[in-house]
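Chemist: Sequence:
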Amino acid sequence: MSKIMISVGEASGDLHGASVARALKAIQPDVKLFGMGGQAMLEAGVDIVYDIADLGIIGFVEVIKNLPRLFRLRDTLAELMERERPDVLVIIDYPGFNMKLAKIAKNKGIPVVSYISPSVWAWGRGRAKEVAETVQKVAAIFPFEADVYREAGANVAFVGHPLLDIVKTTMAQQEAFEYFSASSEEPVVLLLPGSRQQEITNLLPVMLETAEKIADQIPKCQFFLPIASTISREMIQNIISKYKVEVILTKDRTYDLMNMAHIAIAASGTVTLEAALLKLPTIIIYKTAMLTYFLGKILVKIPYISLPNIVAGRKIVPELLQYAVTADNIAKEAMPLLMEPTIHKAVVTDLEEVRRKLGATGAVHRVAQEILAVAQSPLGGSL
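When we follow numbering that gives the first Met the number 0, the leftmost residue of the sequence shown carries the number 0, and every step to the right adds one.
The hints are simulated quantities; they were obtained by calculation from the structure and are not laboratory data.
Do not rely on the hints blindly, as some may be mistaken.
Said to hold, decoys possible - Think about it this way: if two alpha-carbon atoms lie no more than 27 Å apart in a straight line, the pair counts; the simulated BS3-like pairs of lysine-lysine are:
1. Lys212 / Lys241
2. Lys286 / Lys250
3. Lys167 / Lys128
4. Lys344 / Lys167
5. Lys219 / Lys241
Claimed, not checked - Restraint ranges, calculated between C-beta atoms of paired labels, are given here:
6. Ser376 / Glu211: 54 to 64 Å
7. Ser183 / Asn106: 24 to 34 Å
8. Leu41 / Phe70: 18 to 28 Å
9. Lys128 / Lys241: 21 to 31 Å
10. Ala171 / Gly108: 44 to 54 Å
11. Lys128 / Gln216: 48 to 58 Å
12. Gly108 / Arg71: 16 to 26 Å
13. Tyr242 / Glu150: 25 to 35 Å
Idealized CB from N, CA, C, for every residue including glycine.
I would like the entire structure built from these sequences, with the hints used as guidance.
Modeler: Okay, here's the thing in structure tokens:
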């Protein structure tokens, strides 16, 4: 029986961790899974020793403010590793924290698999060398990511993108309209402010102000907001109550919701790629602390921040950053997509290209195989 520790730090990682957990159990039913995660991983059979519900921290400045808490958490998980001695540690995204945990694991002689690895193609290749020196295996989800890690000397398996397996609707589009009590005759706009409290605080107010502007021009426009598992409904409702627009809150069947929507306004992150796979035109916004923003401008080496544009290699969906994140600017991008079918159709065609570039399904199963190979090999799966 393999003993596997998994570490994730936010809602998107929790979903990926849950998918990996189910795939591991399908291959090896008696596998023992434990670690840091959320509700999705718990439901997938992982023994959650630390719930990530209040862990959503982003940006250089924000991380510095929370260092004492993060240090305590790191020490707690290090003690857990020492006590349980897992056959492998699987780190999923959340690189600032998880790479430090990976180094602790390496020092303890515990091999590490990195999945949804640090975005070295964005931050520069020096970071790839650090990962290569720390982990036993990188399970790469993008072909260009695999190339960068190989050049840095990492043991890499290109597994493909897991969202191709995860992003699936469960009902026909008309059924979705009925399920969500929405009209198929009027536009549907999704508000996707993120899965961290900080993102909600930064982005939801401007989204709601934008919704007011859209409603002024399209009075019967329908607004929906799926609530991430890491965010309280009360927090969202308190913010919405300050604006003169009706927003329907949902908690399940988000992919069906995306499939019936006309456009989305979304925080930059995994959700933008989920929307792209469902061919949902999205206006992508991002705003953070000023120091974080300026440091990012210096350090990030790519022209785009959103995954659909990065995968496409060109700008196919709008991106608004920092000062540009205003209700006027967002509404200016949204209205043509809502009012002009030819513009909407052109973006949908571009989004189909994104799906083609991500390759074949089966990524999650391949990741599970790689993890078990590392867990079962005395050489950490390097053969």
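Chemist: For every hint, state whether the structure bears it out.
Modeler: Hint-by-hint comparison with the structure:
Using a Cα cut-off of 27 Å, the hinted pair Lys212 and Lys241 holds, with the two alpha carbons roughly 15 Å apart. In summary, the hint linking Lys286 to Lys250 is supported, as the alpha carbons are separated by about 25 Å, within the 27 Å threshold. Using a Cα cut-off of 27 Å, the hinted pair Lys167 and Lys128 is violated, with the two alpha carbons roughly 35 Å apart. Annotation: proposed proximity of Lys344 to Lys167 holds, straight-line Cα distance about 21 Å (limit 27 Å).
At roughly 20 Å between alpha-carbon atoms, Lys219 and Lys241 fall within 27 Å of each other, so this suggested pair holds. Roughly 58 Å separates the CB atoms of Ser376 and Glu211, a value that falls within the hinted 54 to 64 Å. Ser183 and Asn106 have their C-beta atoms about 57 Å apart, which leaves the hinted 24 to 34 Å range violated. A hinted range of 18 to 28 Å holds for the C-beta pair Leu41 and Phe70, which are about 25 Å apart.
Range check, Lys128 to Lys241: Cβ separation about 48 Å, and the 21 to 31 Å hint is violated. Take Ala171 and Gly108: their Cβ atoms lie about 52 Å apart, and the range 44 to 54 Å holds. Judged by the Cβ atoms, the range 48 to 58 Å given for Lys128 and Gln216 holds: they are separated by roughly 51 Å. Checking the proposed 16 to 26 Å range against Gly108 and Arg71 shows it holds: the Cβ atoms sit about 24 Å from each other.
The hint said 25 to 35 Å for the Cβ distance between Tyr242 and Glu150, and at roughly 49 Å that hint is violated.
Violated hints, listed in ascending order, are 3, 7, 9, 13; each of the other numbered hints is respected by the structure.
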